[in-house]
Amino acid sequence: AQSVTQLGSHVSVSEGALVLLRCNYSSSVPPYLFWYVQYPNQGLQLLLKYTSAATLVKGINGFEAEFKKSETSFHLTKPSAHMSDAAEYFCAVSDTQAGTALIFGKGTTLSVSS
Amino acid sequence: DAGVIQSPRHEVTEMGQEVTLRCKPISGHNSLFWYRQTMMRGLELLIYFNNNVPIDDSGMPEDRFSAKMPNASFSTLKIQPSEPRDSAVYFCASSLQGPNYGYTFGSGTRLTVV
Numbered sequence: 001a002q003s004v005t006q007l008g009s010h011v012s013v014s015e016g017a018l019v020l021l022r023c024n025y026s027s028s029v030p031p032y033l034f035w036y037v038q039y040p041n042q043g044l045q046l047l048l049k050y051t052s053a054a055t056l057v058k059g060i061n062g063f064e065a066e067f068k069k070s071e072t073s074f075h076l077t078k079p080s081a082h083m084s085d086a087a088e089y090f091c092a093v094s095d096t097q098a099g100t101a102l103i104f105g106k107g108t109t110l111s112v113s114s
Numbered sequence: 001d002a003g004v005i006q007s008p009r010h011e012v013t014e015m016g017q018e019v020t021l022r023c024k025p026i027s028g029h030n031s032l033f034w035y036r037q038t039m040m041r042g043l044e045l046l047i048y049f050n051n052n053v054p055i056d057d058s059g060m061p062e063d064r065f066s067a068k069m070p071n072a073s074f075s076t077l078k079i080q081p082s083e084p085r086d087s088a089v090y091f092c093a094s095s096l097q098g099p100n101y102g103y104t105f106g107s108g109t110r111l112t113v114v
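Residue numbers (our numbering), protein chains in the order written: chain A, 1 to 114; chain B, 1 to 114.
Only chain B is shown next, with the shape it has when bound in the complex:
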């Protein structure tokens, strides 16, 4: 299995631009999670999906952030418009057994907004 695949690995964009991060979970996993990692705040849960349905989006910072999971094999996290404070590493993770068990993480997308 190729694991959780995230793209792009690195993204540099200008403030105000739209940014789309992509994630392909492990085949058969029914839960998908988006986390953000910064030095100041550590790992923060942004949103998670169960069977393609958003369950908890309380961690999404503001309306500029949106996430979708149109099918079991693909999810996107969109930031529009982007701001410098959005600079972080964004991780996607998936789980076979739901939110309570161990996750498999992707390698992350390092986003820099200038």
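For reference, chain A alone in the conformation it holds in the complex:
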């Protein structure tokens, strides 16, 4: 069965610093991978997705993620954090062959200080 593990339930950075949110996946078949962001009292918004094309995926708000099969990772990065990036971030995986719905990680809360 597919699963994702997000390392670190809480990450704190200063404004302008690099953002790195970690996600490792477990999948017996080539996965599709996703990052979502959730702002307080809102639903989840898709940031970016990997669907077996380019391994470096660019998303909205300056975020990007790189699929590394050898490391079973799909870490999310942003070169320079902004106060508005403070939110909860979820990594998700899908089983492309079984057609099952997305499985989400536990989430990482990003705090940005000035």
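These are calculated hints, taken from the structure and not from any lab test. Hints may be right or wrong, so weigh each one.
[As the list claims (entries may be wrong)] Among the chain A residues that face chain B by a calculated CB cut under 8 Å, a handful are:
#1 Q42
#2 K49
#3 M83
#4 G107
[As the list claims (entries may be wrong)] With beta-carbon atoms standing in for the labels, derived distance ranges:
#5 S87(B) - Y39(A): 20 to 26 Å
#6 P79(A) - Q80(B): 47 to 53 Å
#7 E71(A) - G16(B): 31 to 37 Å
Think of the CB as a built atom: it goes at the ideal place given N, C-alpha and C, for glycine as much as any other residue.
Since the structure of chain A is already known, use the hints to place chain B on it.
For chain B alone, coordinates are given in the frame of chain A:
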């Protein structure tokens, strides 16, 4: 497009009462998903529909929970009778390309059972 619309946004009910949550997916989307979000368990898939047909309901906690999708533009999640442990945020999401691709989430229904 108005996005995925959920109602009500907030629901407070007494233990033992019936609760019905509603969802209107994005027009043209053929997959619909119900998730539950709690601090303890994160985001859990409850059930998903493809072309109005339930495909996977293995996440439905118990017989007190039921979900229907009578047509392509409406779904309900019912809890009868409700219990305090059902308190959570319930999200509906829809997808154009099936379960493997990115979803659009609604804003959620925050359910409190007292």
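Right, here's what the structure says about each hint:
{"no.": "1", "hint": "Q42", "result": "holds, 6 Å"}
{"no.": "2", "hint": "K49", "result": "holds, 5 Å"}
{"no.": "3", "hint": "M83", "result": "violated, 23 Å"}
{"no.": "4", "hint": "G107", "result": "holds, 6 Å"}
{"no.": "5", "hint": "S87(B) - Y39(A): 20 to 26 Å", "result": "holds, 21 Å"}
{"no.": "6", "hint": "P79(A) - Q80(B): 47 to 53 Å", "result": "holds, 50 Å"}
{"no.": "7", "hint": "E71(A) - G16(B): 31 to 37 Å", "result": "violated, 50 Å"}
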